[in-house]
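Q: Okay, here's what each chain looks like letter by letter:
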Amino acid sequence: MKKILLTTALLVAAWGASAQRFLAKETYIRFFSSTPVEDIEATTNTAVSVWDKATGEVAFQVNIKSFTFEKALMQEHFNENYLHSDKYPKATFKGKLTDASAVNWDKDGAYTAQLKGTMNIHGVDKVITVPVTVVIKDKTPSISSKFKVKCVDYNIEIPTLVLAKIAEEIEVTVKAKFDLMKS
Amino acid sequence: MAHRFFALLLVALALPSFAQDDLMNLLDAAQGPVKKSPVAATFKGTRIVNLQTNELPASGVGQLIISHRFGTIVERPLYNFGGLDVAQMRLEYSYSPAHWLNVGLGRSSANKTYDAFAKVRFVRQKEEGMPVSVVYYHSTNLNTTDFNDGVPQRYFTDRLAYAHQLILARKHSDALSLELAPTVVHYNLVATPADPNDQYGFGLGGRYKLTDRMALTAEYFARFHRPAGFYDPLSMGLDLETGGHVFQFHISNARFMNDPSWMMQTPGSWGKGELYFGFNLSRVFTHRAPKMAKEIDVL
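Those protein sequence lines, which keep their order, are chains G and Y.
Under numbering that gives the first Met the number 0, the residue at position 109 of the first sequence is numbered 108, and the numbers go up by one with no gaps.
Under numbering that gives the first Met the number 0, the residue at position 112 of the second sequence is numbered 111, and the numbers go up by one with no gaps.
Next comes chain G alone, as it looks inside the complex (with noise of 0.2 Å):
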């Protein structure tokens, strides 16, 4: 008795510490703001992301300073004005796919699914459900996302001198390829 209950115990302790996890270093984030008069945008590929795979929990993080703009003053503005990255160096996003078994992880294939968590930009936490394309190809998983932010819900000010200029929602492309991590 002694021995099976340690066993169940040690069993339940090692799936935890082998969990599978899954890491995307060079994750492709876009910002892409669209009105008549102007369109801006703004790319990194360093961001970086995890997806573990026990938990469902899957993770993004980006320094703001990496965003490159096609204006160099925009990129300064953009630090400077707008998100403030002095203070608030990096935006992150954490939260699960609503819908587990929307992604069968021993399937090729492409599943669309709902990812829900909370996002952080500029400071300010917001809870957001984002749609998300998961291909899986030998058991390791990609992701890519379309979805807009809204400037207004992460306290980010436009001054009515550019509100022509810059969209009230931005979008934003989140593109990751993952790997296994070794542990």
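By construction, these hints were calculated from the structure, which means they are not laboratory data.
Keep in mind it's a predicted model, so treat the numbers as computed, not measured.
Treat each hint with caution, since some may be false.
As the list claims (entries may be wrong) - Beta-carbon label-pair distances, calculated as ranges: (1) Glu25(G) x Thr156(Y): 25 to 33 Å; (2) Gly122(G) x Ile295(Y): 26 to 34 Å; (3) Gly270(Y) x Asp124(G): 51 to 59 Å; (4) Met291(Y) x Ile127(G): 44 to 52 Å; (5) Glu25(G) x Leu237(Y): 39 to 47 Å; (6) Pro289(Y) x Lys138(G): 32 to 40 Å; (7) Leu209(Y) x Thr97(G): 41 to 49 Å; (8) Asp124(G) x Ala28(Y): 20 to 28 Å; (9) Ser100(G) x Ala29(Y): 23 to 31 Å.
From the three backbone atoms N, C-alpha and C, an ideal C-beta is built for every residue, glycine too.
Using the hints provided, position chain Y relative to the given structure of chain G.
A: Quick look at chain Y alone, frame taken from chain G:
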């Protein structure tokens, strides 16, 4: 026995949740230490008023500056509409072929002066470590007014004057930036034998941000050679940033804008109320866009 089992089970159950809290730490680790980025936007413009700042337009970017200095505020203010009827102007265009180099050309009304200038960035202030930014600035100035001093033989080189300046700037906080600029101006031709060809001075300047897009600025230029009739220029201004433009409005006793004139030969005096309204308007143009991050293919 059962206690031990539950203890172990608790540990086991705690493990995955540990892992969960770890997730963000794991991302921090994966991203590596954040590169100590250089401090950006010490000043909003490449000049405070007349004094150069440590800022250069970004690599691949050109900048047009249109500057006006109006007539004195106190001299027949109604007749001259506060000086707006009599304007001095300066046009300049510069380009940064690299992030550390900016070269440009300018034309100022005072002495019908053409100038060519260069700014070279040596050191950038870092968030941790390097406490200041260091920039070298040079201008070569060509006075193209008619010689009418009666001297029969004048040479082209007599028209030239050069300014060399080292700019040491520091962004103390989000709001406050200060700079110090030791300067020497060399005149090939000076007005009197008492005037040295090399004249030394240093600029002091600063800005205080009121909001993200508005700042108060001030600059002062102290001269070591102090002939009668000329005063140290002192200017105070307001910077307004509107996307691609920076508007700088100011009041100054300096009305001239080319370096040899405004630095060492400012005839206006604050004491006598010889002050001028002025503005600089800058606009940047991207000639060569930075490389965008490559989109990865996930399908």
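Q: None of the hints should be skipped; say for each whether it holds.
A: Structure-based check of all given hints:
1. Between glutamate 25(G) and threonine 156(Y) the Cβ separation comes to about 58 Å, which falls outside the hinted range of 25 to 33 Å.
2. The hinted range of 26 to 34 Å is satisfied by glycine 122(G) and isoleucine 295(Y), whose Cβ atoms lie roughly 28 Å apart.
3. About 57 Å separates the C-beta atoms of glycine 270(Y) and aspartate 124(G), a value consistent with the hinted range of 51 to 59 Å.
4. Take methionine 291(Y) and isoleucine 127(G): their Cβ atoms lie about 26 Å apart, and the range 44 to 52 Å is violated.
5. Look at glutamate 25(G) against leucine 237(Y): about 44 Å separates their beta carbons, and that is inside 39 to 47 Å.
6. Proline 289(Y) and lysine 138(G) have their C-beta atoms about 38 Å apart, which keeps the hinted 32 to 40 Å range intact.
7. Against the hinted window of 41 to 49 Å, the Cβ-Cβ separation of leucine 209(Y) and threonine 97(G) comes to about 46 Å, which satisfies the hint.
8. The supplied range of 20 to 28 Å is met by aspartate 124(G) and alanine 28(Y), whose beta-carbon atoms lie about 22 Å from each other.
9. For the hinted restraint 23 to 31 Å between serine 100(G) and alanine 29(Y), the CB-CB distance of approximately 28 Å keeps it satisfied.
Violation of the numbered hints given earlier is confined to hints 1, 4; the remaining hints are satisfied by the structure.
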